[in-house]
Structure formats: C-alpha cells, structure tokens
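**Q** Listed in order, the protein sequences are those of chains G and X. Okay, so the first sequence: first residue is 0 according to numbering that gives the first Met the number 0, each after it adds one. Okay, so the second sequence: first residue is 0 according to numbering that gives the first Met the number 0, each after it adds one.
By construction, these hints were calculated from the structure, which means they are not laboratory data. One or more hints might be untrue.
Restricting the straight-line Cα-Cα distance to at most 20 angstroms, the calculated cross-link-like pairs of lysine to any residue (SDA-like) are [as the list claims (entries may be wrong)]:
{"#": "1", "chain 1": "X", "residue 1": "K174", "chain 2": "X", "residue 2": "R111"}
{"#": "2", "chain 1": "X", "residue 1": "K168", "chain 2": "G", "residue 2": "A54"}
{"#": "3", "chain 1": "G", "residue 1": "K123", "chain 2": "X", "residue 2": "T75"}
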Amino acid sequence: MQVFTSALVLGIFATFYIITEIQNYKNRKAKDVQSIAAVVAQNSASSLQFQDNQAAQATLAELHAVSPDVVYSAILDQDHHVFASVGRAGSDTALFREYRNSVGAFFSAGTLIVVRTISNNTDKIGSIYLQVRLNELARMRSYLFRLAMVLSGIAVLAAFLISFVLQTYISSRLLALVRTMRRVGDTGDYTLTLADEGTDEISVLISVFNSLLLQIRENERRKDEFIGVASHELKTPLTNVKGYLEILRSMEERNPQRQLVDRAFLNAGKLEKLIEDLLDVTKIQTGQMQLNLTEFDFDELVSETIASAQMLSKDRPIVFEAKAARQVRADRQRIEQVLANLLSNAVKYSTDGKPIVVTAVATGGDIIVEVADQGEGVPAGEENAIFGRFYRAKGVSQHISGFGLGLYICRDIIQRHRGRIWVRNREDGASFLFQLPIAGPDFKQQHSSTKSSM
Amino acid sequence: MKKLVAYAIIIVALLTGFGIPAAAQGEDLETNLKAAFLYNFTKYIDWQLGPDDAQFVIGVVGMSEVERALEQIARTSTVNGRRIVVRHIDRLEEIGGCQLLFIARDRRAGLREILSKVNRGEIAVAEENGAAREGAGFNFVLAGEKLKFEANMRALSSSGLKVSSQLLKLAIIVKK
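My request is simple: use the sequences and hints to build the entire structure.
**A** Here it is, written out as structure tokens:
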C-alpha cells in the first residue's frame, strides 16, 4: 500500500517535472526566437518599403547563417505574399499555410513558428515568418523521460525496501510481544519479561507490558506472603484452643459435656487442617516444599489411611482391593496426605451407601493407585481445572467445606515424586488416579512424562 | 511585366495604407512608386525640424506626374507630425526652403545649376543617369525592371542631415 502511494506520488511529480521542464524550454526558445524575429523585422523594414527583395533576402540569409536551426524564414508583405524567403520548406508546406497569417509563437510537431509584424513606427508594412526546428526538444523529452523513469524506479525500489524493512522491524517486535503475552497467559509465569531496546511507541508498549508483569508478580508475592503470615497467625491461637480442649477432654471422660468437647475438638481439627493446607500452598509457592524420602510398605500405608478415613465417614464403606505388595521409596507423610485428601473428596462427593473402592497396582516401575467413588463425578471439561488453586466445583452444595486447595497440593506432591495424577469420569462417578515411581523421584531413569494430570 | 503587375499591387497596398484612394491605379506605376519612395525617404532621414518649421516642404522642379502623386500622399500623411506641402518650382530662385527637392527630368534648367541652389538641411533627388555623380543626394535608377536609387554620400553629408543606414544599405552608393 505504501509502495503504491509512493509510486503514485512519484509518478505525479515526475510528470509534473517533465511537463514544466519542457514548458520552460519552449518558453525560453520562443523568447529567443522572438528576439531574433524582432531584430530581423527591424532590419528588413526598409527593404519592404523600398521593395528591395534582394536586400530582404540577404538579411534572411544572414539569419540562417547565424541560427542554423531556422529551417525556413520568410518576409511577407501586407497582403501576406512572400516578399523574400530562405529555406527548404517551400510555401506549400502545411505549417506555413497554417500560420502565415497569424502573429505570435506557435509549437507544432517539434517545430517552433514565430510570426512577427514588421511595422514602420505606426503602420504594419509586412510580417516575418520564422520556422525553427526544435531538435533539442525531442532529445530533451526522451532524456527527461528516461531520467524520470530511472529515478522513479529507484525511488519505488527504495520505498519498497524501506517499507519492507520497517514492517519486518515493527512486526517482529509486535509478534514477540504477542508471543510473550500468550506464554504468560498460558503458563501463569509472570517472570517472562520482554527485552527491548527501542525508543518508539512499540518500546513504550513493551515497557508498559513489562511493568504490568512486574506489578502482577509483586501482587502474587504479597499474596503468598500474606497467606504464609496469616496461616502462622491463625495457627498460634488454634494450638492454644486445642490445648485447652485436650485438657477438658481428658477431664470430661465420662460426662455428657464430653460430646460438646468432642465436637469442638473436631472443629478445631478441621480448622487446623485448613490452615495446614494454606501453609502447604505457601510452601509450594515460595519453593520451600521438600520431600522426606523413606522406604515403606505401600499397602500398609493405604490400609492405615483408609482406616482413619473410615472413622470419619461411617455411612460410606471404603474398600481396599488389589494390593501392590511393594516397598516404595517416597515421602510417607505426604503420600498419606494425598491418599487422605482423595479419600476425603470421594466421601464428600459420593452418595450415601455407595462404596468407595481403592486399588493399588504395580506395573513396570510404577504403582498406580485408583480411588473410585460413585457420585456426581467431575463436571465435563473441568478434569484439568480441578487441580488448580482455589478450585471448587460449581453448583456443589454449600455444606462441602474447604478452600479448594486439596487437589492442588496433591498434584504438587505427586509431581515432586515425578509421578502423574489425573481424574477419569465414569458413568456412575469419578476415579482419581495417581502414578508413583517405585524407586523414588531421585532414581535416574527414563520417564516419558512428568507433566501434571491430563 | 508580371513583376511590374505584382509591384503595382504592392504599391496600391502601400498607397492604400497611406490613404490614397484606388483611383490612383490608373496612373503610371513608376510615378507612383517614385512618389512613394520619396515619402519613404523622409522616414529614414533625421530632418532636424525646429519649432519654427510648421510644415514639411517638398519641392518639385520641372514637370512631372510625380507631383500629383505627391499631392495625394500629402493629403493624408505627415512627416515628423508636420503637414506636407508640395511646391511647384519654375524658377531657380524659388528653390530654397524645401527640405526635399525632386528634380524632374522634364525641365529647363541645368542639373548643376539646380544643385548649386540646394542649401544645408535640404536634399535633392533626381531621376536621370549620372545625377548622383553630379551631386544629387539620391537619384532614381531602373535596374532591370526594378526601381532603385543611387546615393551620393558626399552630397548627403554636406546636407548636414543624418541618413539612416537602413536606407543607405538599399542604395547604390556613388562616390564623387
């Protein structure tokens, strides 16, 4: 588009230039020849008056000698009859016929015709007719044309190159910005600032983008910091509460108030769990989460965890089918946390009476654990989103409590073990699965994928 | 012959330019031409007329149709803004006071005598062979069929009047 505009503008200017140049040349030439005509007219006045054709002829001959580009000249009397003439073009040429009776300067077919009145102070006594061939004009025209073409060609080429380079320069920077924005959007990694060394509007855009990212990072940091601080603050008085409740419980061993204490204790436990979740999240975010790896019997862990979970949900049976029969190298406490979380979710989201089935299978170098419940299942399309921070299933009844952090923490733990965790929707419920390498996360082995749940 | 006809047309054109009616066509072509030339001469000579000169006098010595032609011209034309008066001269004594003097062939007096009466500020024009050599300022001659004129530089310079080169270049220069 730019190139076209440039070319158009250039074309207009070139044409204008050529036209004016030619026009100027013509004007100058006409002036020159007019001057010559004036002098000759002056000199031949008397010849006319005294009818001295020879003298007039001689004057014209002189003119031709001095100005070779005069092809034909003639002195005409008052009746426009030829009094004297010099030149090849006879009086029968078209031009002569056309212009002999006019007065002035005329351009026709590369020839300049000048006709001037010869007067004797007051009266017209004749006229002089000059026909000049404009050799230069044709040459000038073609020269100017070629010059204009070449210059225009160069200019168009230059415009093309410049616009091309500029576009690339602008586009590439903009595209880099768009790419970065997309990456940030996709990964949530706000450290991806874009480097730029310019001073134009695009640089402004990029620097605003970078400062925006900075702001976001700062906000995130503050948020995490706050969570950490808040969790600590919450935990302290809670510990006290639990302490006092413990004392009360041991005192109220056989009293009816014991129930109240139990409930309070239960709630304190729940609160403690929530806070611990928050703390875990903070640890994960600030990179403080670490694994304490030991070797332990996997089945034993599962059984223990199921037993604890069963105690809290009397109306939903939890069944342990298919055992792995393996020793596993992992962080026992954390894996227990994962299992407990999955079981608690299963209990929360399954219907009364339907059993929750847990299986552990050893295949290859991994153990695959499945916790299958019978309930509403996971909403279609949310299979990945549920592992995100603060995710709570929509449309779920209010009584199911929690910050929505459980699965996020589970995923982090499993990923640190170089395993996978994912969910599979079944007709009658959902199955949560995770895969753990038996040899542990620090075992040097080829893994196809350490990505999070699919 | 053809040329003369052509010139006749030219003369008529010239003369009609000066306001001479077409009736003059009937007169002798040569006469008219001479009259026209005489008038044209006046245009190429600086007469140095003063405020006292109310008119321009052309004297004609002898009998000639040129006189009539001159009178025709005099009716409508001027010299340097002055009216032209054509004076017929019979006697030598009357010669003085004419700026331009036309000496006709048909006369009684001798050329030398007439020329001796020509004063400063006056120019004589003759129409016979050898007149220029004798001392006339201009002399009409026929070159073939064309009317031309001789000019005597000495006579012209002794008149004290400046004659344009444009005129002189057309003349046949005669030196004495």
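**Q** Does X:K174 pair with X:R111 here, judged by a C-alpha cut-off of 20 angstroms?
**A** 17 angstroms, holds
**Q** For the pair we were handed, X:K168 and G:A54, check the Cα-Cα distance against 20 angstroms.
**A** Since the Cα atoms of X:K168 and G:A54 sit roughly 8 angstroms apart, the hinted pair holds (cutoff 20 angstroms).
**Q** When you check the alpha-carbon spacing of G:K123 and X:T75, does it fall within 20 angstroms?
**A** 16 angstroms, holds
Comparing the model with each earlier hint shows no violations; every hint is respected.
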